[in-house]
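As they're listed, the protein sequences go chains A and B.
Under the working numbering, the very last position in the first sequence is 546; numbers go up by exactly one each time.
Under the working numbering, the very last position in the second sequence is 299; numbers go up by exactly one each time.
Everything labelled a hint here was simulated from the structure, so no lab data went into it.
Since no wrong hints were added, every one of them can be taken at face value.
Okay, the calculated bits of chain B under chain A, using three or more residues with CB under 8 Å as the criterion:
#	segment
1	45-53
2	113-123
3	126-134
Using N, Cα and C, we set each Cβ at its ideal position, and we do this for glycine too.
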Amino acid sequence: MTRDLMIETQALRKRFGDTQALDGLDLSAPAGSVLGVLGPNGAGKTTAVRVLTTLTRPDAGTAMIAGIDVVRDPAAVQRKIGVAAHDATVDEALTGCQNLVMIGRLSGLSGRAARARAGDLLEQFTLTEAAERPVKGYSGGMRRRLDLAAALVTHPPVLFLDEPTTGLDPTSRLRMWDVIRGLVADGTTLLLTTQYLDEADELADRIVVVDHGRAIAEGTAGELKSQTGGARLEVTLSEPDAQAADALEPHVSGSVSVSVDGLHLRAPVAGGDGLATTVVRALDQADITVEDVQVRPPSLDDVFLALTSPVAAHV
Amino acid sequence: MSSAIRDVWVLTWRNLLHLRREPARLSDATVQPVLFTLLFVYVLGAGMVLPGGGAYKQYAISGLLAMNLVTSAIGTAVGLADDLGTGVIDRFRTLAMWKPAVLVGRSVTDIATAALCGGFVVLTGLVIGWRPHAGVLSVAAGLGIFLVFSYALSWGVGCIGLLTRDAEASNGIGLVVLFPLAIVSNALVPTQHMPAILRVIADWNPVSAVTAASRKLLGNPNPSAGSHAWPMQHPVVAALLWSALLLAIFAPLATRIYRTRTAD
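Model the full assembly from the supplied sequences, consistent with the hints where possible.
In structure tokens form, the structure reads like this:
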């Protein structure tokens, strides 16, 4: 069953001083898939990536890349992987081109092959113009793209991107997403960590939500959304009305919360067709003027909050 | 093995690119040797009488080679500390490369800067009238022995950079360790007039051995030959033994520190 898994960890544990960074983490990604590892700061995402990329030794558990144990044979694992970390690991004093050539040479390419590969990657990541400039002067987005290019020098079948868009402006972020989608189309197995739900939703086939070093939920974006129950009704009134909450009560599945200005009402609903119509009719009969009615499916943000913070889930 | 050599070469190339990008870093190996040579020969040398005779200028060049090479060895510590402070080491660690190449490449870079530094001392010496009095091979050995010693020493100094992981701290600690090492020796002042304890330390200082060996091979005045300490009687052997000892201790130690400092 595990034959086709390119990335697999079992009961991975790692402790740093007082912090249990990984507390029995299980992850798996079949060949050609994109696994999104989603979690807040300090959840253990980076530690998991560091273990899988041979940078950190786990205290217990196993981690395998393409069936190779990362602790027992790190050199063989290193030939399969590419890594782009969130603190860009390129040489600031070298030019973009020199960085890629250096990595190509250190990965076993001949001088000529390394230069050719560097040229291709610089073009692919629209860095050709900046190729001969020291990385020191690159923007955040350019640096990330170079870091990603560095990860791809050897055409690795397994790729790790640790928070590839953290700290990027929205335009650079969208551009990075396009780049990542392009990689996935090539059949690369990708593990991507992120703090952003929309990013996981957008890029990953499967999402694992990690908190305190453990996987607390797993599934497709759709499955995760349905795990936290139904949709949410949001009503906006033209003017505040004390009767509005009572009028909604029979049609919702929980208590109705009213905003301070009395204009916005929210409540969980079981869903179902025609709910919006029913609600508008009920409010109309109570002589309440409605500005807007929406039935929203749960966002991944709701899921995330519900899963990672037990307090928020019950508010 | 060939891939190990390639990795060392690639990282040496990378370190040399760093130096080209920041020429100020090279001042230890370019401006300093010229300045020190002129200052020591004309200021300190003005009042110096050598036991056994000879001009201070002829005596001083080997000592200035020692002084400059020992103090510029701080560059190793600073370079390694810089590397460890940046993410690029993590990049190297995820590549299927020969991992010690990071250290060996650094030490090879230091040979290149040491040669540059020594070249400036020798050139300045020639300009102001210093001359060796020995055959070509002997002169080559008299200068080459400094490269051997510098290479061994760079592994020791490298340990400072690996331990501090901070360029500024490495510079400070390096100076505190290396400056006395260079001064409490026969490099710039004959040991004959030192207080007894200092004289024993100076006669057994590896810097004295390599300096005396160089003076002997270059055919320059070598007052240390009058000392009864074993290294001063056999300076060439002593210099080579010291170099071998430094290398045998610090190369494995640096590799070990590097491994523990980069693993977690």
